[in-house]
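Please put together the full structure from these sequences, using the hints given.
If you read the protein sequences in the order shown, they are chains F, E, W and L. The opening residue of the first sequence carries number 8 in the working numbering; numbering runs sequentially from there. The opening residue of the second sequence carries number 521 in the working numbering; numbering runs sequentially from there. The opening residue of the third sequence carries number 16 in the working numbering; numbering runs sequentially from there. The opening residue of the fourth sequence carries number 1068 in the working numbering; numbering runs sequentially from there.
Worth flagging that the hints you see were computed from the coordinates, not collected in a lab. Check the hints yourself; a few may be wrong.
Quick list of in silico lysine to any residue cross-link-like pairs, SDA-like style, CA-CA up to 20 angstroms [to be verified]:
hint, chain 1, residue 1, chain 2, residue 2
1, F, K217, F, D179
2, W, K153, W, T44
3, F, K528, L, G1141
4, W, K119, E, R658
5, F, K72, F, F60
6, E, K549, E, Q616
7, W, K241, F, D355
8, W, K119, E, E718
9, E, K717, W, G127
10, E, K711, W, D54
11, F, K126, L, F1075
12, W, K32, E, R658
13, F, K237, L, S1146
14, F, K202, F, D457
15, F, K314, F, E336
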Amino acid sequence: MSAEEKMPKERIGVYVCHCGSNIAGVVNVAEVSKWAGDNLKDQGVVVSRDYKFMCSSLGQELIQKDIKEQKLTRVVVAACSPHLHEKTFRNACKGADLNPYLCELVSVREQDSWVHTDKIAATEKAKAIVAGGVSRVVHHEPLTPLKVPIHPATLIVGGGIAGIQAALEIADAGFPVYLVEREPSIGGHMAQFDKTFPTLDCSACILTPKMVDVGNHPNITMLTYSEVQKVDGYVGNFAVTINKHARYVKTADCTGCGVCWEKCPKKVIDDKFEAGLGYRKAVYTPFPQAVPKYPVIDDINCTYFQKGTCKACEKFCPTNAIDFTQKNEIMTVEVGNIILATGWDLFDARRVPNYGYGRLANVFTNMEFERLSNSAGPTGGNIVLRDGKTTPKSVGIVHCVGSRDKNYNNYCSAICCMQSLKFAHLVHEKTGATVYNFYIDIRTPAKGYDEFYQRIIEEGALFVRGKVAEITDAARNPGEEGKLIIQVEDTLVGKQRRIPVDMVILSAGLEPRAGSKELAKTFGISCSADGWFIERHPKLDPVATMTEGVYIAGCVQGPKDIPASVAQGAAAAARILGKIQQKEIALEPVRATINEEQCSGCRICNTLCPYNAILFHEDTMVSEVNPALCQGCGTCVAGCPAGAISGTGFSNLQILSQIDGLLLLTLDKKKEAVVA
Amino acid sequence: MSEEVIVNSPPSAGPVKHEDLALLNQVAKLAPGDSHLEMCIQCGTCGGSCPSASAMDHTPRAIFAMLRAGMRDEVLKSNTPWMCVSCYYCTVRCPQDIHITDIMYTLKNMSLKSKMVQDSTASDFSRTFIRYVENYGRSFEIGLAGIQNVTHLRLATRLPNMAPMALGMLTKKGMSPFPPKRIKGMDGLKKILKRAKEMEAA
Amino acid sequence: MSEYLFYPGCSMESSAKAYYHSVMSVCKTMDIQLKEIDDWNCCGATEYLSLELTPAYALIARNLALAEQQANGSKTVVAPCSACYLNLSKADHYMHENKAFGEKINTALAAGGMHYDPGELVVRHLLDVVINEIGLDKIKEKVVKPLTGLRVAPYVGCMLPRPDYNNRYSDNEHPYELDDLMRALGAEVIDFPLKTACCGGHMTQIGPGTAFELIRRLISSADDYKADVLVALCPMCQMNLDAFQGQMNGYFHTNYHMPILFFTQLMGLAFGEKPENLGFGSEFVSAHEAMKRIGIKTPVLEPTKPAAKKPAGLPMPPPRPRSGEKVNIGSEEASQ
Amino acid sequence: MNEETKPFEPVIIGFTCNWCSYRAADMAGIARMKYAPNVRLIRLMCSGRLDPTFVFKAIAGGADGVLVSGCHPGDCHYSTQNYKTMRRFHLMERVLTQMGLEPGRLKLLWASAAEGQIFANEITKFVEEIRALGPLNWNNSGVKVPEVAKEEVPA
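Written as structure tokens, this is what we have:
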């Protein structure tokens, strides 16, 4: 149809991959490569081969050999998705001194063999796809990737254990880190825990040293009580706008002596750190070992901010560090890479009406219990009922609250089993109470976990297999009076049981942070329907995202325990250090360019660009694209009424020809049909 | 697999017939709408929630397991569906969104069709109830209670004396001892039900 | 003036006359026009579904078909009985969700020259209309005789909040619509834990032992909370708890005396209607004693719950209910 | 191959963006979800790159239907470009309808990188719809369109 009448000017090699049986199992690869060799001659195909694994070194050498011997000027590989191996084959061409951008990888696996069963149809489709690639590649131009320097600094969002780990790894390697934390102190959920499974070492004992290291590290700039507002730029050169909330405390003068919160008359229920089980003051640090040590004044509850009087803290502060006039501070930092480690929220157990949390005083959540059992918690580590004194004689621990349930969250929260077993141990150890575990399945897959389960069984914890149906205070007989009754089917017995207990602990599941979807948008990454952020590859690239330069670590990617979060924090750091060492990064040279002769100066494109990359020269009355700002979306190319803008790598000619190629077969068929 | 024998099942059950292994899906298909029955993870939420579980010879969960195992006779002979009070606790609590109450109705239908109902108390009550509806278009509580107690003396004896109540029904509530007035469109209704029954049988 | 199609259901003309009269009375006060569906038939309760699926749904659908024919203006069908309400909405729901099924039922209806277009009508229970269409503010205005001092156990039962195909109610297990309504009438509402537990349904006819146990749970729990009356919104529930309370007492050798009233009866009283016009006196367990309190001005009593759930004087803050139920939390001045 | 005897197998050209919909297609593949083999995809950086010419070209070239897909509105990798796609799409639809094409032959589909299932289902659905419409019989307008196409191709 369009541009293929004249003699082929290019020498093209076509390579069809078997990918073992992944492709060859459905697509007749031999037929495809033969067909390409015979029927695409006129477009310049001079060699066409199929090979077991094109991505293997042998496969790559095969291509390179042909490039040299057959003087190939273009290469088309029909294999997996470009998102997987485009780089691989481009590098192969590069190795043979063929410009990498003269190589086109078309997907006959993800989009053909893996999704179709009809072998004939799949083979036909493969031919079409190859033909498309061939007629497209003819119009490729040699390109050189845009090289941009990588800013050595890294932004880490979230000061939980994953963020802390990542920060220390990068900082220790000698590169600057900005650690942004929404709360007044770093530490995250781990700081709230009492013991950690399966080793039962004290959470604070292993966490606080790391927090202190972060606090003292010359390469780490801590931005606590702060939130990221906006992210501009791209990999290597992000400009991040951060909102530092006013602390109303001059950190330069504050010694963290604590007089202010002793004197503050305003008592506030601490929903964050004490999980609603204890109180803090209006001026406070979340917990004694907080890093940084400086308190903040929470202006929503502070009497001065609400009523205009009080200022007790100011009066008593020995160093005059209180400053009610402080304002939020907007700052911008330049970074090359970003790690998101914003963690998780606890499922709101109130959403399960039949478990009575919020109505029944002695139904607790797992986070409440962590505080209850924590010696630094509101009860000094005494496990007692909500009256503050009675020690429970029997405790029921309910697994899978809000998890594995289509009414709430359909996924397994991964940590609840082990956490519940830990609780069973702590209750047993501290109160000697009878402990029931109510579970659907016990999942203890990691190192030392199942041994821990065995140990808990040994300690005499009772296990009832069944999802608890309801928890009620409506007694049916004197034996149940004044107790919480757990009604459940013991599925191993096949009978309904009502078990009266004094205390119930709900192992509520993990949820993505509220507003994670907005966060994802801010950083230009995608998150799953659940709200967990999506990694680049579920197995092979778990900490990178589809957006260059943005990495994820810890529970932001999905529910996981402390060891896994630490591992991801370190992994993300390692990936970034690798990038920083390269000093500069190559960007896809996919950019728009305006042909001045054709530009009519209508300025339509100027408004189409979301990056203001197109500027209009009043003098020459033409528009021009700033390649540094252009992200290559191509909307302006499509929008230009004069067709004056062309998109490198995705030019009209390339795409129109690809359409021709894809439809080549169809047309032949239609011709046949007409003839017949 | 067609020779598999269910352990602990009365010899009457015998080896599992092959089609029985599809029993679960058969049941699932019979319910209106998508019942998600195949999604059961045996968590026991239903059995735990059921107000009349104690009166059932198998919990609903167990019934679903038996359906999977193709134990047709045991399931259809079970009194479980007949003890269901349609409180829908199981339905709203089920983590797999299985329409359990509707499944129970389906099982009742099936056991009646296959004539495997063991204790006919419940089904007879339903029949009596419906006999009025099919003839008058309206139900008739008091006559109902009466007949139910006559046809099931065993039940009546289990009961404390019902007389004062029946009396109260007549006096206090001013209920009529006579059957309800026929609805005008009775013929039409009869035609509708006739065709419906034919379709059901088909 | 709001008009609705009305599906009374069988018991309204026999065992639940009290309900019928009180509904009519309060609807008049609230300016609700109920247009009874002409020649409606029984919904089959829970019985027909047990026997044969298709006829059961056809039976229900006939009513929907009639209502659709007779609908001019309002396309909303109001049912005062939970079982009827559920059956009607269930049929509409499944005929809508599963097209094939809908056609099947319509083929049956065709035999009687009828047809129903699934989704055409909206089926609602009277309580839902009162709360969401009339609104509590308007109700409060109408109250002339607040039920001050009357401790009410709000009992919703099963088939209203479950499965709740259209998410009309605040919760499947602890909905607070009825509580709010009773409070609006000036009554003192107890936090009734068995609010949506089962009344025994047809078990009174099939397995009285089971039924009596279910009834006992409800009555005794309401009694624990020192409720004066238990308020129901379904004839079946009212019948089971009221008419069988005597037998239940006999069966367990207990001596409960818990009057079971329809929510519309209490509305009527609060609206100033004469008790006899609201079917008072027709209940088995007399509400006479309890009703004495009304009219006599008594100070609002402190809610006296069973000791077990007294969260007084905690070192820890009390647990907080779902945001839906307005309980103010927040901070408190420290007593230095 | 005896194509003629087979039931009508439509050929559909699909345009996807590089970030959401193409990855949805990959996701469908990785999860081995099956769908009809009639759609051939072309990867653009952004659905905003879609030049109406492409669609005309595809139709003129013998495609029986065209699928345009991108990120969900609001989730565009390039912030807002897919809104422009949306507007253009409806414009295109109108133009092509005026040229005597059944509107059912164009489909706009939003699919996030996580929505492989949706992508697969929608394609199968679309193929069925096109099959119902039958082969594109565009008697004389077939000549008209390529001209439009040509003139818009930058020399």
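- Which numbered hints fail: Numbers 4, 7 and 15, in rising order.
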